[in-house]
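Throw the hints in and build the complete structure from the sequences for me.
Below are the chains, spelled out letter by letter.
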Amino acid sequence: MHAHTQEEQRVTERSDRRAPNVDMTPMIDCVFLLIIFFMLATTFAPLPGIRVKLPPPGAPSKEKPKGLILRISNPVGGDDSGVMILNNEIVSLDNAFGVFMNTPAEEKEMLIIQSGRQVIHDQIIQVMDRAKRAGVLKIGFAMVQ
Amino acid sequence: MKLSKSKKDTNLPQVPMEPLVDCVFLLLIFFMISNILKIPPPFRVELPESKARSEFERKRYSVYIHATGQISIDDQRMENLDQMLNYLLLKKKEIEVLIIRADKDAEHGFVVDVMEKAKQAEIDNLALAVSEDDYKGM
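Going down the list, the sequences are from chains A and B. The opening position of the first sequence corresponds to residue 1 in our numbering, with each subsequent residue numbered one higher. The opening position of the second sequence corresponds to residue 1 in our numbering, with each subsequent residue numbered one higher.
It should be emphasised that the hints constitute simulated quantities derived from the structure, not laboratory data. Incorrect hints may appear among the rest.
Distance condition first, Cα-Cα at most 20 Å in a straight line; then the derived DMTMM-like pairs of lysine to aspartate or glutamate [stated by the list, open to error]: (1) A:K132 <-> B:E132; (2) B:K51 <-> A:D94; (3) A:K53 <-> B:E94; (4) B:K104 <-> A:D79; (5) A:K132 <-> B:E55; (6) A:K138 <-> B:E116; (7) A:K53 <-> A:E109.
So these bits of chain B aren't anywhere near chain A, every CB distance computed over 12 Å [stated by the list, open to error]: (8) N11; (9) L12; (10) V24; (11) F43; (12) S54; (13) N80; (14) D82; (15) L85; (16) L90.
Treat the numbers as computed from the prediction; the structure is a model and nothing was measured. Built from N, CA and C at the ideal position, the CB exists for glycine as well.
As structure tokens, this is what we get:
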């Protein structure tokens, strides 16, 4: 390049111009900061869940608990969900919400889910979901053998 | 001339504080993250979906329940419920809300067993985790 004559230099003036020195450091700083920001943002995102409050310690009260009692049988055969019975009527997950909505408010204070051990967790959560949305205040679990 | 020169010499060297502050902030953020960063459980848990939900803070010590009945607290595998109870008794001061992440196919009876152990460890506030995805069902 240094050997160029004046004329040649004029011709190649464009390519001769030194490429601007791009400083990468601030960009990398920014990128790292963004990475950290997004990592934080995902870990601080709240976790959805259903609140469960355990009853105070002590023997369960002798009084017959008031409220709705929903019985769920253990799933049989290839079924993945058990049969649900509320007030001697079979309910399904599809109509459970309507049934809970139609029960008078004083009965909606508490729902006791009486279920077999082998009922899958998903079915219980679905029932709790319907009940909570229909305004049931408390949900209790009871196990039957 | 002489005076001004000696005066300049006695000036304290300017210590730049900015890099130090930057470093401290970065370390602060690093420790904040590392403290709460999701600790992967030893197995995959598929959470059930629900529309009714509350929101909870992500904290350490959540119980994972696999569909086959294996339990783990964060990444610590628990051999049985008694071992879990001992672990909870040790850590109960640090646990405000115990989040139970039970697989949707887990047995309900087993989930209730875990809740009973939590109660024995005097942890009264529990949460049943549900899927973070949007609810697709009814």
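Hint-by-hint comparison with the structure:
1. A:K132 <-> B:E132: holds, 18 Å
2. B:K51 <-> A:D94: holds, 14 Å
3. A:K53 <-> B:E94: holds, 18 Å
4. B:K104 <-> A:D79: holds, 15 Å
5. A:K132 <-> B:E55: It holds: about 15 Å lies between the C-alpha atoms, which stays within 20 Å.
6. A:K138 <-> B:E116: holds, 17 Å
7. A:K53 <-> A:E109: Status holds; Cα separation ~15 Å.
8. N11: Fine: 29 Å to the nearest Cβ keeps B:N11 off the interface.
9. L12: Given a closest Cβ separation of 28 Å, the condition holds.
10. V24: Given a closest Cβ separation of 14 Å, the condition holds.
11. F43: B:F43 clear of chain A: closest Cβ-Cβ about 15 Å, beyond 12 Å.
12. S54: violated, 5 Å
13. N80: holds, 17 Å
14. D82: holds, 19 Å
15. L85: holds, 14 Å
16. L90: holds, 19 Å
This entry does not satisfy hint 12, going by the numbered hints stated previously; all others are met.
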